[in-house]
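Taken in sequence, the protein lines are chains A and B. Count along the first sequence from 1, add 1114, and you get the number used in our numbering. Count along the second sequence from 1, add 4, and you get the number used in our numbering.
In short, the hints are calculated from the structure, not lab data. It is possible that part of the hints are untrue.
[Claimed, not checked] EDC-like mimics (lysine to aspartate or glutamate), calculated; alpha carbons at most 20 Å apart, straight line:
(1) B:Lys82 with B:Glu72
(2) B:Lys61 with B:Asp90
(3) B:Lys46 with A:Asp1121
(4) A:Lys1208 with B:Glu60
(5) A:Lys1170 with B:Asp107
(6) B:Lys87 with B:Asp66
All values reported here derive from a predicted model rather than from experimental measurement.
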Amino acid sequence: SQQGEEDPQALSIQEGENATMNCSYKTSINNLQWYRQNSGRGLVHLILIRSNEREKHSGRLRVTLDTSKKSSSLLITASRAADTASYFCATEAKTSYDKVIFGPGTSLSVIP
Amino acid sequence: EPEVTQTPSHQVTQMGQEVILRCVPISNHLYFYWYRQILGQKVEFLVSFYNNEISEKSEIFDDQFSVERPDGSNFTLKIRSTKLEDSAMYFCASNPSPGLGQDTQYFGPGTRLTVL
């Protein structure tokens, strides 16, 4: 299975702290994407990192990718209560341009 | 900014009934997808569609499911005879041209299907 697996499953932090979520996967990938989902709502694309990239930034988000360890991390700096959501990593396999495979997600709670 | 749209936002149906979920992908995108998310679980791939045919499908996408692009803009998912376990959020996604450096999948807001 190519599935991404996030850890931790749940994370609770105080507003202003940094939140780090990790994702591991099993097969060679074209890219890895992070999505956010507010409870019961749609998926919002946050950032895409390609297999030849090691780090990417977007605002308060920082994503790293280590293809040798088949892992990625998402760092949210200076968290806000509005960052409370589930965060999913999704991988696109080298063998397929047809789909992304989602991990089970990390549920982040940011306490004001 | 262009968005993927889906209708309806919530569909309630009786077991055994047929449902059609509708999506309008972003207009210049070429690849279309359906995913589902059972409550509290992860998002699962159902099917991908390119050039008016299915390019890949998962084990979930059995004979009860079908997809169609009936005109130049809509992309539909039909479930012929719904079961209780089909209750889930169904997401449509589109992609401009994966494999050519345009590989971000853009997701719609989802249709929540409730089968009673």
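Structure-based check of each hint:
no. : hint                    : result
1   : B:Lys82 with B:Glu72    : 8 Å, holds
2   : B:Lys61 with B:Asp90    : 16 Å, holds
3   : B:Lys46 with A:Asp1121  : 14 Å, holds
4   : A:Lys1208 with B:Glu60  : 15 Å, holds
5   : A:Lys1170 with B:Asp107 : 16 Å, holds
6   : B:Lys87 with B:Asp66    : 13 Å, holds
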